[in-house]
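Asks: The listed protein sequences derive, respectively, from chains V and E.
Residues 1 to 859 (our numbering) make up the first sequence, in order.
Residues 860 to 1573 (our numbering) make up the second sequence, in order.
Hints are not guaranteed to be accurate.
Quick look at which bits of chain E chain V covers, simulated, 3 or more residues with Cβ under 8 Å [claimed, not checked]: (1) 1031 to 1038; (2) 1333 to 1341.
What the simulated footprint calls covered on chain V by chain E, stretch by stretch (three residues with Cβ under 8 Å from a Cβ of chain E suffice, anywhere in the stretch; the number is not a length) [stated by the list, open to error]: (3) 117 to 128; (4) 193 to 202; (5) 401 to 415; (6) 513 to 519; (7) 602 to 608; (8) 700 to 714.
Short derived list, chain E residues pointing at chain V, Cβ under 10 Å [claimed, not checked]: (9) Val910; (10) Pro914; (11) Thr1135; (12) Tyr1136; (13) Glu1160; (14) Lys1220; (15) Leu1221.
Hints are computed from structural coordinates only; laboratory data are not their basis.
Cβ coordinates follow ideal geometry from the N, Cα and C atoms, glycine included.
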Amino acid sequence: MQVDRVRALRGPNLWTRRTAIEAIVTCDDTERDLSQFSGFEERLRALYPRLQSLASPPEGSTNGFAQVLEVATLSLQCDIGCPVTFSRTAAAPDPGVYQVVVEYDQEDVGRSAIDIAERLINAAREGLPFDVEAEISRLREIYEDVRLGPSTGSIVSAALERGIPFYRLSEGSLIQFGWGSRQRRIQAAEMDRTSAIAQSIAQDKQLTKQLLAAAGVPVPEGQPVDDINDAWDIACALGLPVVVKPQDGNHGRGVTVNVETREQLEAGFRSAAEAGSRVIIERYIPGSDYRMLVIGDKLIAAARREPPLVTGDGVHTIQELVDEVNRDPRRGTGHATSLTRIPIDDIAMACLHNQNLTLDAVPALGQPVVLRNNANLSTGGTATDVTDQVHPDLAARAVTAAQMVGLEICGVDVVCQSVLRPLEDQSGGVVEVNAAPGLRMHLTPSYGTGRRVGEAIINEMFAADQDGRIPVIAVTGTNGKTTTVRLIAHLLEQQGLRVGLTTTDGVYAGGRQLDAGDCSGPRSGKTILMHPDVDAAVLETARGGILREGLAFDRCQVAVITNIGAGDHLGLNYITTVEDLAVLKRVIVQNVSPTGYAVLNADDPMCARLGSVCPGSVVFFSRDRANPLMVTHRAQGRPVVYLDDDAIVCVNQGEEVFRLALADIPLTMGGRVGFQIDNTMAAVAACWAVNVDTVALRAGLASFQSDVASTPGRFNLLDYRGATVIADYGHNPDAMKALVDAVTALPAKRRTVVISGAGDRRDEDIRDQTRILGTAFDTVLLYQDACQRGREDGEVLGLLREGLVGAERTREIEEIRGEFIAIDRALSTLAPGDLCLILIDQVQEALEHLNQRVAEANA
Amino acid sequence: MSRHDIRILDITVLRGPNRWSYKPAIEALVDIGDLEEYPSNTLPGFVDRLVAWLPGLRAHECSYEAPGGFVKRLEEGTWTGHILEHVTLEIQTRIGHPVGFGRARSTATTGVYHVVVRIAQEDLTRACLLKARELILAAIHDEPFDLQGALSELRELADRKCLGPSTASIVEAARAARIPIAPLEHGNLVLFGLGVRQRRIWTAETDRTSAIAESIAQDKDLAKELLVRYGIPVPEGRIVRKVDTTWEAAEDLGLPVVIKPAEGSRGVAVSLALETYDEVAEAFRLAQTVQNAVIVERFIEGDEYRLLVVNNEVVAATGAIQFTVKGNGRDTLRTLVAHELDGTHADLWVADALIDHPTVKLALKRQAVHFNNVLTADQVVTLPCPAKVGKDVLASVHPDTLDLARLAVRIVGLDIAGVDIVAKDIGQPLVAQGGAIIEVNAGPSLPTHLRQPGDISNTVGSAVVRHLFPEGETGRIPVVGITGCSDTTSIAAMLGFLLHLHGQSVGVACGSGTFLGQRCIRRGDGANWTAGQRVLINRTINAAVLETSPASLLREGLPYDRCQIGVVTAISTPPALARFGITEAEQMAHLLRTQVDVVLSDGVAVLNADDPLVLAMAEYADGEVMLYSREGQTESLQQALAKGGRAVYLEGDALVFAHGETTHRHLLAPCVNASDCLPTATTAWALGIPFDLIIGAIVGYPAAMIDQASPHPG
């Protein structure tokens, strides 16, 4: 068995809406049938007993080792707690080749799992030992390392529940929620609006207290001190006991509470001085430590926090008691569990020492022994949820404290006897406020109810009716994608939106080109969806990107499929038939939002059929007002866009929404260029679906030109010494048909076409191109360029020539090496009134060359 | 000649508007003893010695209102208190904190003066006053005085106590925009505006500066990764942790390279244009002294620029200038540079920054000189003056580059940022010339852009203030200031109640305590500066009622710079103030008129027309004056109403609100003491509270509240 290529499909894809690993696996004849390998499955199960069942594929045939790889990869991920369920093995057309697809939660884990599975299978095959447990534990480590922590994870799940999309911006906990101009960010438990100043204030305890006192929040009196003598004087003045702590700092570092003697004070002073720049002495407030979690202007959760402690039984030593407590299975070592083991370290030893105890001491029955003077969960403390008990006045003080410091997410530390009463009634106080508070104690408290903290944070960032999404319009199809994308973007701009778009020739946002080249993949789509200045996204979604990585988005508002026709690029990546292609293009329709639309060409049966998988609504467009599909759709009250005499009409619920005269749409050349009518109908349907108004549509259609600047290489019309020159990038039979239709409608004395064939098409597709052109052109200039995409020299030219055999109209054929030479040759033969279609290959260079020639002619 | 002395009996810090000045000042009570008999012209050589030490005194205008005025007074003979005022002012000027206001006034006691000097910073001005005393005594007695020592001691104090230059430039701009500033004693945090209108800065960050954005800016690698996605040219680079991988990365990226710590800022441990393995290794070790993770990135050839972006606008850009120093065979390059800079850049830190700057280091390396080298005569060294101390180039930056810088800052998510750019020609688009954005910095140094030789406009500070307070936002909430010698506490408490009923979140500080809405947050006297300040920095309030007792006004000043409404109830001479020299009603009136002085021009002074001294304050009001009287429509009221003014008076049991010729009569229940309600009703009207609510509140004001608010009923 050979695993050839492993890809991560990072968005909805051909196989699943979830993220998945896709591997191309080749099995030899024996590996294709498990029964050929006696003892293999037994050995495999001996090595990895938890391997899930190897169910037979539905077709009844067996997928052999490829399927074992699939199941093992899934089982390994399930074993470490990844929430994954989907897997599939599909036989490719080539015998013995399979596509193995397994869902992943974390890409690194998915990739490692398939690697482990492969080695496991090899070991089982050879009868070699394999330590699967060690591998699983390594896999678990990777998972712990790369997955989101529990705090961030809770916020992300809350976002997903509300349908808010998210991207991880870094390997750490920096997350973007929503898209474009509606995006928000969090990092751990901080929001993007968390002010850096508020954080600095929270770090400065003295300043914090000053501000809180001003707002009427009870705080313990106290002040900073310079040295131990000063500290003792202040302590006596405040009245013992006192608390000694560093002025800067957090997480309870260097804090000593309940200091009663000068000796304790000196020790406390030293540890505080080590942890921060300056030491504060303040009145000790007796009572328990509470943490109030304030989000926005609400108290969301409250927990009582207790330091790690053991209770004596008069029999066991402290060490034994601690060991006993640590045996609690809920106590883990990291941050993931609701309890953490009590560490016996220097701090614990010092704490025991302060109580005149050692680890060997046997405390009396019922005697509590504290092992650390801070209640953090990560050092063995416990948290008990008390949210429902907090007195409204006390809650109000916590909220005021957060607001006074300026924190939208704030952990307010309160010390008091009971949260059932106001602070003022029990001389309790706020001792500290924390930016970026830990959420674990509220999500999974050691005792009591977990609170929906993530939800509260998401609600603070996104109002109830917002999901952070901007309108996303995905466009695919065999021909017309780029013009449609450009036109949609132009129309959206008329509506006052800042549009980001991806096309096969670049990524654009805010009028700037961010990247050049073929940018119709998901990476470019993500760039647009992450851009802070984008109000709407129009994404050309080509087959390559869907195959390679999946979609850039979880779902879109509108999916436009211009057409499928006879297809293009067939034969690549196991997409061999036009039906396969339709299944691939279907992915964007399958991932339309339930409130969204699929815009489909009713004149293209393959395309129209995709409407059945759309979770949202379907808008059909058609050039034929009698198209039965479209007519039915309209009769059902559903939205349709069609050509009615000399106008494009939109009808919804039986009512005409708008009527746009072709005469006012220069792109269609007064209705003569049929495929541009299709593109226009697709674009206006998509814009209607995102509520672009008629005024904007009219203005946009009137001002849109198919010129070199706005849609380079898409039916660009140029005037060369009185002859019409059309430059187009079309390279498949459907494009040829559309071009021939358009060209036939244009008056011309003599028609010339310049064409090369791209080598990565099927032979018949290359031949078909010239077969179609032969019906409409007098002269055909065939050229061959540097890039032959895997073909022999002259091979493509030969195929093109074959297509011209017996051509209806073509009388002259010429073969030329080099694109520019071919262009120049064609131009040299033109007389006024002639028409010349140039099918360019190197779009940018050829257009520049043409422009230059036109400029020279006009000079 | 017997030994003269100047005794400072008392120093009062007036933290707000006071009887001497609108601005905070210190007031020293000074006993000049027998110097009362020795005006300056009678002390031999004194004036010459004094002016020789402080030649700046020649510029003081004094009562002659022309430079030289004060020296003329010295020569004609003036008294030591007055001299102490001017010398204190001059010393503050010498250490770079000019304040421009002082007063010296005699008191009822012969030889005892009030010397008042506006505060630069409380402790600093106090120290300057004490130094001024020493200096004057030394000049009188013809004794030596270590002026330089004293000045440097004071400068050091100023450095410790005063705001840093970034903060100071913003504060200065806020002052110019008349935004109130809370005098929070904190090195970095400054609170602008009052109550809910409060905004904050901390050096060059605002309360809108996102903590996440700040951490993205600090993580240079992450920041670059984000920028690159949006087509912003950045130098390619990668993170390394070992020397070997560093060299590998350097070769991959293409030499020369830059090496710097992955986090960190301000050019620390940054090495540029490294070509060889040894250079790379050394630079790597240097960077690792700061942080284990080190960035190696492609070196971009060109000049360095720093663009300052505030609220999505590029407000300043500084760029490289070069200057040359010529050796003289004696001085080190360091000394020569310091001298050279002194002409254009006053502060030495500039020279230090220059010496440590990676670009400068690179230039020196290329010229094979070191800062400690003594340059031979005629040896010429050319130094780039890096962006941090460069010249203003904003007008010549290509517009695309401005857009890129703004986009970069938006991507990181900062509201204020410094964008470092390297370009060969800043007037041309970046990409075509291979230039790049090197870094986006949070909390950028503003002095970079302030130190434009000869540039005194504070465009940077103003841009930040405009960002915090867009056009039309004053940062103010309605503040009612109340002072006088009767009823002030009950008026404050009742107004608080009224505003509460009117739906305001009101803070009240008055004689009976400090209140938020109806909740007492602090018992005890709150009719003072501290309690008033505490209310005003509370972000939850949108209106404040602050009583200031005459004693507090005398000893502390008002807790706000200006107020919407100033109420003065009555004048008397409480015995408690006699020891501060307030014994006459006129003196009290002079003190209390401060309350009227600070009323905003769109505000209202509410005055008791029945007290002639209070009534007389009307002439000091910038805004409207509203009178009230329990005597009915008195002559003064009639005059005011005839001019279309507003007044409130009693007519039998009825309260009459009169506006010109229009009147609204409201009969009060017999249980209400109508005359007590007059000032409250007038003020409430001034605040725009509807009559019905005013009457309702007066009638419904619970007896318990009155008890609580008036510790001394009657």
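Asks: Three residues minimum, CB to CB under 8 Å: does the region 513 to 519 of chain V make the cut for coverage by chain E? Let me know.
Replies: holds (count 3)
Asks: Using the nearest Cβ pair, does Glu1160 (chain E) come within less than 10 Å of chain V?
Replies: violated (24 Å)
Asks: Verify the interface restraint on Val910 (chain E): the C-beta must sit less than 10 Å from at least one C-beta of chain V.
Replies: violated (42 Å)
Asks: Mind taking a look at whether chain E covers the region 700 to 714 of chain V? Criterion is 3 or more residues with CB to CB distance under 8 Å.
Replies: Violated: only 0 residues of the region 700 to 714 of chain V have a Cβ under 8 Å from chain E.
Asks: Please verify the coverage claim for the region 602 to 608 of chain V: does it have three or more residues whose C-beta sits within 8 Å of some C-beta in chain E?
Replies: Violated, because only 0 residues of the region 602 to 608 of chain V bring their Cβ atoms closer than 8 Å to Cβ atoms of chain E.
Asks: For the hint on Leu1221 (chain E), does the least C-beta distance to chain V fall short of 10 Å?
Replies: violated (31 Å)
Asks: Using 10 Å as the Cβ threshold, decide whether Pro914 (chain E) counts as touching chain V.
Replies: Result: violated, 40 Å to nearest chain V Cβ.
Asks: Please check whether Lys1220 (chain E) passes as an interface residue: C-beta within 10 Å of a C-beta belonging to chain V.
Replies: Lys1220 (chain E) check fails; min Cβ-Cβ to chain V is 31 Å, beyond 10 Å.
Asks: Using 10 Å as the Cβ threshold, decide whether Tyr1136 (chain E) counts as touching chain V.
Replies: violated (30 Å)
Asks: Count the residues of the region 1031 to 1038 of chain E whose Cβ falls closer than 8 Å to any Cβ of chain V, and tell me whether that reaches three.
Replies: violated (count 0)
Asks: Hint Thr1135 (chain E) vs chain V: min CB-CB distance below 10 Å?
Replies: Interface hint status for Thr1135 (chain E): violated (33 Å vs cutoff 10 Å).
Asks: For the region 193 to 202 of chain V, do three or more residues have a beta carbon lying closer than 8 Å to a beta carbon of chain E?
Replies: holds (count 9)
Of the numbered hints given earlier, the model fails hints 1, 2, 3, 7, 8, 9, 10, 11, 12, 13, 14 and 15; all others are met.
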